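Enquirer: Position chain H relative to chain F; hints supplied.
Protein chains: 2
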Amino acid sequence: MKNPVLVVGSVALDSVETPFGKADEVLGGSGTFFSSSASHFTPVQLVGVVGDDYPVEKLEPLAARGVDLAGLEKVSGSSFRWRGRYRHDLNSAETLETHLGVFSHFRPNIPEQFRNAPFVFLANIDPRLQLQVLEQVKKPRLVACDTMNFWIESRRPELVELLGHVDLITLNDAEARQLTEHTNLVKAARWIMDKGPKFVLIKKGEHGAFMFTRDSIFFAPAYPLENVFDPTGAGDSFAGGFIGYLAATGDLSESNMRRAVVVGSAMGSFAVEKFSNQRLLEITRADIDARVQEFRQLVAFDAEIGE
Amino acid sequence: MKNPVLVVGSVALDSVETPFGKADEVLGGSGTFFSSSASHFTPVQLVGVVGDDYPVEKLEPLAARGVDLAGLEKVSGSSFRWRGRYRHDLNSAETLETHLGVFSHFRPNIPEQFRNAPFVFLANIDPRLQLQVLEQVKKPRLVACDTMNFWIESRRPELVELLGHVDLITLNDAEARQLTEHTNLVKAARWIMDKGPKFVLIKKGEHGAFMFTRDSIFFAPAYPLENVFDPTGAGDSFAGGFIGYLAATGDLSESNMRRAVVVGSAMGSFAVEKFSNQRLLEITRADIDARVQEFRQLVAFDAEIGE
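These protein sequence lines are chains F and H, in that order.
Per the UniProt record's numbering, the very first residue in the first sequence carries number 1; after that it's consecutive.
Per the UniProt record's numbering, the very first residue in the second sequence carries number 1; after that it's consecutive.
The following block holds chain F by itself, in its conformation from the complex:
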């Protein structure tokens, strides 16, 4: 059996406006996007919380594809809701409303049967909760985390402590600069690696992603899509493809991690083609493989420059 991935993150309801349309109360949240993406590669164990108003039947397609929902707590109260809008350039979301609901009292409780998960992804939640998860799991092979500007500002000491306990962090370029106070991303990545992680994945949205290790840099472009429909969830879908592929292969060699970054980029590129996790649920493994080949074509050149 393939290595399962444990993900702890949000399960939300998103209402999104883009120049191309509107979606109301659709599946959202980092845990949802990550799971939808990673489940193409390996079994997923999702830990999160929803209110008693959550349309859990909408998660059935995830369960059907190997996402174990035993860690999804349902508590009394309203679910995490986010309402946002993207303007013409689709580059940044404008948050119109955030309603944390039951998520504001989330205390991750990892079911016994998930505690041996060899691959763990701590999606973007309070670093104190991310640390609590690590107290509950037993010797994972790879622990990865995500974070955001809000935690960098409000929970810096805990976030820096977390860095000492993870193998890999994914964050975007603005967050990397904010966290490290280095404008230059090479320096920012080194600052982070000095705090613990062996791998730093810096996501630049439409400009691609860098993977830094102690002695190498890998870059994967974003796929130049002609029609980006809704950017919500691209980063978590990227992480799901990346970690899901690593777990499925169980291979943490540099060459396989590079391939995993491209797989993640492919998954991010699918995620933005439709609202919510809709496109991620439609695609097949053949679609993914074909897109990875397109990435290969996109950057392929022969370095022999003799004239």
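Honestly, I wouldn't trust all of these hints.
Identical chains share a label here; the pair holds if one copy fits it or two copies do between them.
Claimed, not checked - Below, computed lysine-lysine pairings styled on DSS-like, alpha-carbon distance capped at 30 Å:
| id | residue 1 | residue 2 |
| --- | --- | --- |
| 1 | Lys58 | Lys2 |
| 2 | Lys187 | Lys204 |
| 3 | Lys139 | Lys274 |
| 4 | Lys204 | Lys274 |
Just so you know, these hints were derived from the structure itself, not from any lab.
A quick note: this is a predicted structure, and the numbers were derived from the prediction, not measured.
Expert: Frame of chain F, contents of chain H only:
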């Protein structure tokens, strides 16, 4: 003998402030950066204008490396001067002062012996002057042009006319969006190709460059430098490496054009390591080849994702 490249552009004096230092009245201008870069690959024929205050002896290193200055007019008046500043993030220049001087009356006059140049680069000048150059040259194999926001605003009809006469255009992402009124770069590139050019090179600064053709897209990242010293001239150095390499090889196949984009990216990455064209004059062909190999390493991955 290798194919020469004719370049028509500015030869200026730059005064630049960056977070790392100041340089006063150093060599600048699109023609200067292009020539400094292209001359690593092939003979260059430079057409431009300077005032009688220009320290032409500072161009001797260019002449020594095969830049023919017979087309550099010296006229009475003061030279083109630009004064600019880069803030901490180095992403965009703040122009403090532009003094066009003799450049404001520039009428390119292509010397007879340059009119057969097989490769022509029309650097960023008034599209009406770019068109005048094309009336003077005889059947070049490849004509490329650059442009900027100022001409897109003030000379749109002439710029669109120019597009019908060039094989290739280089411009940055903001300019591509401004010219085409498409936010999406794939659509922007197609809009431009519909006006004439077979190749569209969209430069994204620190985010790399795309080369679009009718049926392919190639992407080259920017080199992740730890120390960017002065971004001035990066785009023209890129163009110099790109066109210079194409001219030297005389090979316009897709695979060679991809290699040329990477050579251009390498030259752009050297240009920003020191003030003015200083670094471009220091480097050797071995340095360039080594950096091209580093680009290869930066994007290398094996697309076989079988588990």
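Enquirer: State whether the alpha carbon distance between Lys139 and Lys274 is at most 30 Å within one copy, between copies, both, or neither.
Expert: For Lys139 and Lys274, the Cα distance exceeds 30 Å both inside one copy (37 Å) and across copies (48 Å).
Enquirer: Treating 30 Å as the Cα threshold, decide for Lys204 and Lys274: within, between, both or neither.
Expert: For Lys204 and Lys274, both the intra-copy (20 Å) and inter-copy (26 Å) Cα distances are at most 30 Å.
Enquirer: Have a look at Lys58 and Lys2 and pick one of within, between, both or neither, based on CA distance no larger than 30 Å.
Expert: within (26 Å within a copy, 65 Å between copies)
Enquirer: At most 30 Å between C-alpha atoms: does Lys187 with Lys204 qualify within a copy, between copies, both, or neither?
Expert: So Lys187 and Lys204 pass the 30 Å test inside a copy (16 Å) and across (21 Å) alike.
Consistency note: the structure conflicts with earlier hint 3 alone.
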